[in-house]
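Student: One line per chain: the protein sequences are A and B, in this order. Using the numbering used here, the first residue of the first sequence is number 414, and each one after it goes up by one. Using the numbering used here, the first residue of the second sequence is number 2, and each one after it goes up by one.
FYI, nobody ran anything at the bench for these hints, they're computed from the structure. Wrong hints could be hidden among the right ones.
To give an idea of the chain A side of the interface with chain B (calculated C-beta under 10 Å), a few residues [claimed, not checked]: (1) 422; (2) 496; (3) 501; (4) 519; (5) 531; (6) 552; (7) 606; (8) 610; (9) 658; (10) 662.
From the structure, some residues in chain B lie toward chain A, with a derived Cβ separation under 8 Å [unchecked claim]: (11) 609; (12) 654; (13) 656; (14) 674; (15) 730; (16) 731.
Heads up, the beta-carbon is just placed ideally off N, CA and C, and yes, glycines get one too.
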Amino acid sequence: MHGGTEVVPLLRDGILEGDTLVDVRGIVPRGVDGARVGAGTTLAELAASEDVPEALREACRLAASPQLRTMSSVGGNLLQSTRCWYWRLKYPCRLHGGDVCHAREGEHREHAIFANDFCASAHPSDVAAALLALGARLRTNRRELPLEELYRLPDEGDRTTTALAPGELILELELPPADASVYLKAMDRQRWAFPQVGVAVARSGGEVRIALAGVAPVPWLLDGPGGLDSATPLPRTAWKVEVARALVRRALERVA
Amino acid sequence: MARLIRTEKEVEGRFEEIWLVIEEDPLQQWPAGPRDVVGRPATRQDGPQRVRGEAAYTSDLQLPGMLHTAILRSPFAHARVNRIDFAAALALPGVRGALGPGEATGLDEEAGYVGAPVAAVAADTFAQARAALDAIAVDWEELEAVLDPHEAVAREIFTAPPTRYERGDFERALAEADVVVEGTYRTSVVLHNSMETHQAVCEWVGDTLNVYISTQYIWGIRAEIAEALEMPADKVRVVCEFMGGGFGAKNGAGEYTFAAAELARRTGRPVRCALTRREENAAAGNRNATIQKLTVGARSDGTIVAFGGEFVNAVGWSGWSTMTEGPMKMLYACDNVRTVRYGAKINTPPMKAFRAPGFVEGTFGLECLVDELAAKLELDPLELRRLNYAESNDGTPYSSKGLAACYDLAQKHWDRRDEVRARSGSTWKHGVGMASQIWFGGGGPPSYAWTRVGSDGRVAVVTAMQDIGTGTRTVMAQICAEELGVPLDRVEVVLGDSARGPYATLSAGSSTVPSVGPAVRAAAADAKRQIVEIAAQRYDLEERVLDIRGGVIVSADGNLSVPLEELLGVLGDAQILGKGARGPNPTGMSVNTFGVQVAEVAVDIETGEVRVVRVAAVHDVGRIINPLGARSQVEGGIIQGVGHSLSEQRLLDPKTGRVLTTTLESYRMPTIADVPEIVCEFVDLPDEHLTSLGSKGLGEPPIVPTAAAIANAIRDATGADVHELPITREEMLRALREAEQRANAGAKETVAAR
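Pulled out of the complex, with its shape left as it was, chain A reads as follows:
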């Protein structure tokens, strides 16, 4: 546990159980050093840092609340769980090892528009989308990997959405330079809400990467703006496709 903003509520709700909590604040690097960002750096620190690309700064600034940004680490933020109410209320859904996605049949208006067949949950991290668009790499205590390899879609054999091994800890992020980047967020109040749709775009030379928050069980790399044409919205998430189109278009205009 680092800032505890994710772990403590999960413990309190009985979703996480354990006998021992390990405080990793002493062993996880913290702070920004050129292109290297310690995984223990807080969102508040990143939002205030001039050395960090615009998309990451904005994603941090628009996330959560001042109190939460002060406590929460960027590493922890990447590993946060979905806000799907069925999952949070411990319905025996697919992510909890069951054989049904309650959201698909039930109340799903805040859920996914991609990869939502098995599980319709939406990934809530603004920061993950920004880092994905920026092409960030992770260094754990075991290996180095591009950020997109941290995430996996849950399936019949494995219900997890992250690929860390037991005992593996994210220590550092490495951010390749970007010529321009932006993060745009749609939420249903001005502050302190998870993304309904979050769009991160980063341009490096002629190459542009687009990543979305709130649209799939994992942060979603979009295959160009046309990628939205292959969205598979549920009856009550079709509106997200429309919002995403507008935000992707605007974000691309901003980095051009």
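Mind docking chain B on chain A? Use the hints.
Tutor: Showing chain B alone in chain A's frame:
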């Protein structure tokens, strides 16, 4: 001389006839305008205490040996408890007692919704009590659950028989109308989310029960507990000095009160029962959803000739079916009105009164409908309202009606339309919308107050009322100070304890100022009369030339000027005691409050985002006692209205009936960043027929028109008709698409996108 009369009392739009003992209330109203204290802004008397954390709320109370309660709630939308076994739970560490269905009011064998309370356990700590819940063995029998209000209506499963109303001849008038507009409007379930959850601490001292409770009605709790426990009411002491909000959800006792009382009796220890935030949002009450099918018919000159409506209130398992058709019946002059209202009984958490119950929902539907009529008629919406102004309440005269004055004051805000629309760009469209409202707020008898003036010239107002956060404590101090003629800082208000003070009415239905205020003034006047009598004797002057101003006894010719404490100082331990009572309401008159709100919004037509930029509110509630406190009420009502309009929605799992939005991150209320610019004006003319104050209540009026004003502003900005609250992006995009299709189809569009 005491007189016994029959009179009518209104609370939250519901009327009843009551017996009443009155002393005549001979005080004349003060002329309109700010006085020495009344009508001048006053900061909250208890503000510093609250901010310093010194205010003791029910949730702060720690009594020695106090136990904590956890409530077992039904996981099913409809079920019966066939068998319940506490043996394993009682064996757990710290567990001291348990109650099953029927052992306390509110713990029922038949659970009518997910979250219905069936049992309660008390333990040394809350964690132990909660752990004990898992050890209670329950034999549940699942029963058929109806979750859809339309199904309940079709099957005639109602909380009460349908309410039908008709005046004039609706069918004929509609057939003769030049223009007819119809629409279906929906409002969602919203949750009170007071800062302090429902809770009580019960403690038996001998055969007296002390109930510390977060409540809107100290005396109501006293009566309810006494009746439920079959004990004399004066053996029940109810205390609520500081209270963290209610909005109507805390008008009565609940399982959390009765269970605590019974567990305290059995264990011999004080017992706290406090709902968690999740329980609060799951089961502690709500504003019910409505579906409204509305029709209006008008002549081409804008005269409304017919109003019709079919209203479905999705009441829930229990509660009452609110008067959603009230605005349609009452707001405008229309001879032909026909409404039917259904209270659908469904297996969902019961509704509870929530700030202008029924009228927030009904005003949304009605004012959107009337605005759509204005668009179809190509008439200015404000002019259309003026044209259909009701001079009486269907024949009954109003005690006072300042709605025309509200319209006049709102005109300058309304005139900003062109300037606001001109800010529109390619993606953000700006518009202005308005809505007017009617509500109640006359209060009524009985309520009482005492004034105690000591030989130091300091004053205490004593009344066992509650201040639910509206600032009524400060208002009462102002009224007393004004009548007595002393500076405001000499007056202290003692409230919140049924053992220490006389009866005061429920703080709901915008009742406290118009009910308790006149009693406070009468008590102050009684004390003043005695002081003047004493001064007349002391200084050998006639009473009629004496007055008290600024804490000084003065004579009309200016020769006498004696500080109050100097006169009273001679009395030593003696005190001046005044008493006062609320007199009757005017008979044969309709006592109502009125208002208009003008909202300016910006809509992003590509993403469906709606921002409320500015709300101008003009309200007529008679004389304003504290302009600063009144502003706060309006601001709070508008902010809550913005929440109702844009982001607040309680969601249920359609399969199981379980509430999905129990946390504050899934149930989203406005943050400070969501608050628009708020401009607030009051007509501030006393209602000359209503009590010695001429003041009506302001608690509810400010929330009533906000949603409609926002929806109408959206129409002005984009041409889109939103028919559903909250106006989510999904709903906004749907409405925009529909408006575009209408425009493309060449249908006559009255307000085109700019």
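Student: Would you mind marking each hint as holding or not holding in the structure?
Tutor: How the hints compare with the structure:
Here the hint on residue 422/A is kept, as its CB sits about 9 Å from the closest CB of chain B, short of 10 Å. The closest approach between the C-beta of residue 496/A and any C-beta of chain B is roughly 7 Å, which is under the 10 Å cut-off, so the hint is satisfied. With its C-beta approaching chain B no nearer than about 8 Å, residue 501/A sits inside the 10 Å limit, and its interface hint holds. Of the supplied interface hints, the one on residue 519/A holds, with its beta-carbon coming within about 5 Å of a beta-carbon of chain B, less than 10 Å.
With its C-beta approaching chain B no nearer than about 19 Å, residue 531/A sits outside the 10 Å limit, and its interface hint is violated. With a least beta-carbon distance of about 31 Å to chain B, the hint placing residue 552/A at the interface is violated under the 10 Å criterion. Checking residue 606/A against chain B: minimum C-beta separation of about 6 Å stays under 10 Å; hint holds. For residue 610/A, the interface hint holds, since its Cβ comes within 10 Å of a Cβ in chain B; the closest pair sits about 8 Å apart.
The interface hint given for residue 658/A is met, as the beta carbon of that residue sits about 8 Å from the closest beta carbon of chain B, less than 10 Å. The beta carbon of residue 662/A comes within 8 Å of a beta carbon in chain B, closer than 10 Å, and the hint placing it at the interface holds. This hint holds: residue 609/B has a C-beta 7 Å from the nearest C-beta of chain A, less than the 8 Å allowed. Against a cut-off of 8 Å between C-beta atoms, the interface hint on residue 654/B holds, since the closest Cβ of chain A lies about 5 Å away.
The closest approach between the C-beta of residue 656/B and any C-beta of chain A is roughly 6 Å, which is under the 8 Å cut-off, so the hint is satisfied. A cut of 8 Å between beta carbons decides the hint on residue 674/B: the least distance to chain A is about 4 Å, and the hint holds. Proximity of residue 730/B to chain A holds as hinted, the smallest CB-CB distance being about 6 Å (cut-off 8 Å). For residue 731/B, the suggested interface contact is upheld, since its CB lies about 4 Å from the closest CB of chain A, less than 8 Å.
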